[in-house]
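Sequence order for the protein chains is A and B.
Residue numbering for the first sequence follows my numbering, starting at 40 and increasing by one per position.
Residue numbering for the second sequence follows my numbering, starting at 11 and increasing by one per position.
Treat the hints as calculated values from the structure; they're not laboratory data.
Note that beta-carbon positions come from the ideal geometry of N, C-alpha and C, so glycine has one too.
Any given hint could turn out to be false.
[Unchecked claim] Here are the simulated distance ranges between beta carbons:
no.	chain 1	residue 1	chain 2	residue 2	range
1	A	Ala299	B	His161	46 to 54 angstroms
2	A	Asp174	B	Glu307	41 to 49 angstroms
3	B	Ser24	A	Val209	47 to 55 angstroms
4	A	Asp174	B	Glu41	40 to 48 angstroms
5	A	Arg347	B	Glu307	49 to 57 angstroms
This is what each chain is made of:
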Amino acid sequence: MWRYLFGRLLLLIIVVIGVTALTFLMMYYTPGDPAAIIAIARYGGPESLSSDLISWIRHQEGLDAPIYIQYAKWLHHIFYLDMGRSLITDEPVFDKIFSRFPATLQLALASMLIYLLIAIPIGILSAVKQNSLIDYLSDIGVLVGVSMPSFWLALILILFFSIYLGWLPVCGSQGLSYLILPATTLGIGIAATTTRIVRSSMLDVLGQNYIRTARAKGLKEAIVIGKHALKNAMIPIVTIAGLQFASLLEGAVVVETIFAWPGVGRLLVDSINQRDFPMIQGCVLFIAIIFVLANLLVDCSYVYLDPRVRYNRRHQV
Amino acid sequence: MNLLHINDLHVNFSTKAGQVRVLSGFCLDIEKGSSICLVGESGCGKTIVALSIMRLLPENAQVSGEIQFKDRDLLILEKEEIRQIRGHEISMIFEQPASCLNPVFTVGDQIAESVRANGLCKKNEARDAAIELMRLTGIPSPKKRFDQYPHEFSGGMLQRVMISIAMASKPALLIADEPTTSLDVTVQAQIVELIKDLITKFGMSLLLITHDLGVAAELCRDVAVMYAGEIVESGCLNEVFRHPKHPYTKALLRAISDDGLRPIKGSVPELTNLPEGCWFHPRCPFAEDQCRLSKPELKNGIRCHLWKKN
Ligand SMILES: Nc1ncnc2c1ncn2[C@@H]1O[C@H](COP(=O)(O)OP(=O)(O)O)[C@@H](O)[C@H]1O
Ligand SMILES: [Mg+2]
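Just chain A, same shape as in the assembly (with noise of 0.2 angstroms):
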């Protein structure tokens, strides 16, 4: 256990560490001189801006030092949870984040609600009811579902539910109903490819033995189903439950943007386009780490499922 615990924070460290280090070199080569950026924040407007001042800023902040000496200075910040200022408004990025971490968590457990309220039982529904017409409609559905951008699924849920319906709130964060649109619109996007996998991992598990065992001793079908296929069928399912987490952070980026939804995700957008590099930097390190964490969390989960992992654990320590 203790080195499976300690594989996991190597790892932890490694992804943090490739990603961390490459957004950093990707901004270095981005357009927009830092220097001048907090000379603007913090002096006024271009024009009272000198060349001195400029080279005087960068000097003071490290600036003029090679990337890699820069790259070593944030990370050995990091290990103080020390993650800068803002060069806009000089917050500390770490409160800036765990200010906006709260909407975030909020809006990706819902999708995730959501998520799973679709593709689970439509997936389960379409293998027991295989080439039914349920299944061929959750088909469709699941073609749409994969070849719509979220962008635009966005606006057609505004368009109607807000616009033509005036049910929901357009966009903004005052409630509870502020979160269905975005919340929708993350869950359908990453719900279709689920459904096609909970459904061919439910009928992979309908052929084996002992589902036949299970019906041979006169279960109803409801448990042969609901108990014995679906607990195996889980398997797989909480492995794509957990990679879809990082699209749905991913995504996330996109519909706070599109809902105003004042996300970690958002945050990062207005970042890029303000150049602020120390909070584009802050909100990247968040996301991979809570990447990792969900990663975690599916491995967590096979010890929960499957009893064959929970032996094997056991025997290697």
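Guided by the hints, dock chain B with the ligands onto chain A, whose structure is given.
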């Protein structure tokens, strides 16, 4: 009085390659308290007969005919009615027990489930009943074993678990489809012994499917030899094995006789492409003209034009 009476059973499969006719007009009777064995090369339709009785055929199967069990035709029962017969009045055990038990539930849970399935006892009594069944089938330290998972059991022990599940309600008919095929030889003998004890103790009828004639002789009074989905010879096992009449039965018996394994000449026929006349004639050393022209009927327990001659 017959416990089970199969009459004119037809089973077809629709596959991508077209219709496959597996059973056509299959007939079989099982008396109450008797034991009968279906033998034949693999692919001849033995498992399909068993699954037809249990109504567990895959969805691409079309079934017709009648299967009378205690005066009810199993083939026309509602889903709910046949569910109540399964595991209650007719139980089935399969080959490869390791794949027949659900890997993610404990063995005890799976036995207790079958006790509860037909409302045989209350929920809190199911555990005790399951442990009792484990003891009955010779699983050592059943209380401890109850909470273990299938992967912690050996093949022979898993088959005992399957038998515990099947014995939950002391069914009138036990169907055992190759129950010893995937097991070690020493374990095979123990399982055969266990099944023998149980059927005598509880007066169950047994439908055994096997291609191991030794196991058949150990457990059964009667035998039916199948070829390409049809019975070609049937009768009292001792009589048939000592004095086989049908050329196929002779070949089958010779295949496992003392001087090593001699495979039957020719290949197992494809069910989609059966010959004219007697289906066995291309492999039969005695075939004559009439064997190539007309198909023999099952008469006095034998399906052959020439049996009186040979
Ligand atoms: N689901 C299926 N679809 C098509 N054909 C099948 C199916 N299941 C079994 N069969 C055919 O039925 C025949 C008999 O199978 P089976 O009863 O399993 O043979 P055995 O005598 O070895 O138990 C086989 O030749 C097989 O090709
Ligand atoms: Mg078989």
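Unsatisfied constraints (hint numbers, rising)
Of the numbered hints, all hold.
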